[in-house]
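Visitor: What follows is each chain in one-letter form.
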Amino acid sequence: GQSLEQPSEVTAVEGAIVQINCTYQTSGFYGLSWYQQHDGGAPTFLSYNALDGLEETGRFSSFLSRSDSYGYLLLQELQMKDSASYFCAVIGSWGKLQFGAGTQVVVTP
Amino acid sequence: GAGVSQSPSNKVTEKGKDVELRCDPISGHTALYWYRQSLGQGLEFLIYFQGNSAPDKSGLPSDRFSAERTGGSVSTLTIQRTQQEDSAVYLCASSLGAGGRTGELFFGEGSRLTVL
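If you read the protein sequences in the order shown, they are chains U and C.
Read the first sequence against this note's numbering and you will find it ends at 109, with the numbers running on by one and no gaps.
Read the second sequence against this note's numbering and you will find it ends at 116, with the numbers running on by one and no gaps.
Isolated chain U (complex conformation):
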């Protein structure tokens, strides 16, 4: 089976940096994705890591260590609009995506 763990909530001020960790257990691992979801909205794709290392996309970066079954999403220069839930998702056998429970990021002025 698959399981993912991520913190339930993180609070930070505007302009700060936030790191959301994700640890996973799975068979047939292909990669780790990150999604953002605002209240009442649909999840939207942020990033994908298939290989070890850091992927940077603007203010957001994502990291993967396959040997440690660990990844993180780094949010830099936090803005109020970044207040949302962030989900890590493991891509396993058959291309199935299994999501974590999500991390609520609260950005304060």
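Any given hint could turn out to be false.
Said to hold, decoys possible - If you anchor each label on the Cβ, the simulated ranges turn out as follows:
no.: 1; chain 1: C; residue 1: Leu39; chain 2: U; residue 2: Arg59; range: 22 to 30 Å
no.: 2; chain 1: C; residue 1: Asp63; chain 2: U; residue 2: Glu56; range: 28 to 36 Å
no.: 3; chain 1: C; residue 1: Ser58; chain 2: U; residue 2: Gly41; range: 35 to 43 Å
no.: 4; chain 1: C; residue 1: Gly16; chain 2: U; residue 2: Pro109; range: 44 to 52 Å
What the hints assert, rightly or not - Rough simulated footprint, nothing fancy, chain C against chain U, three-plus residues with beta-carbon under 8 Å:
no.: 5; stretch: 20-33
no.: 6; stretch: 94-106
Everything labelled a hint here was simulated from the structure, so no lab data went into it.
Note that beta-carbon positions come from the ideal geometry of N, C-alpha and C, so glycine has one too.
Starting from the known structure of chain U, fit chain C onto it as the hints suggest.
Guide: Only chain C this time, still in chain U's reference frame:
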């Protein structure tokens, strides 16, 4: 269409009734997923289609739940004899290529089901 389309957007039904939820994926996307999300919770995997076949039905909560996909396009999720615990937002997503190997799913806005 431009994105994943789901209908109805909202459905209120009485306990014991059957409901059908529809998903129209992005044209050309071969993989289609159904997830369920309860208020403030994560996304619970239900079923995954590659083309018209479902390699993984492991997430369907009970035999009251079924799904089909025809023509490699539209999918219908059917819940029979609905129960109050079925109340949730049902999200559909599609992806290009064989499964979610690019890690990128495109989600619809969801169908909010309320069972009274």
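Visitor: Taking the hints in turn, state whether each one holds.
Guide: We went through each hint and held it up to the structure:
no., hint, verdict
1, C:Leu39 with U:Arg59: 22 to 30 Å, "29 Å, holds"
2, C:Asp63 with U:Glu56: 28 to 36 Å, "46 Å, violated"
3, C:Ser58 with U:Gly41: 35 to 43 Å, "27 Å, violated"
4, C:Gly16 with U:Pro109: 44 to 52 Å, "49 Å, holds"
5, 20-33, "holds (count 4)"
6, 94-106, "holds (count 9)"
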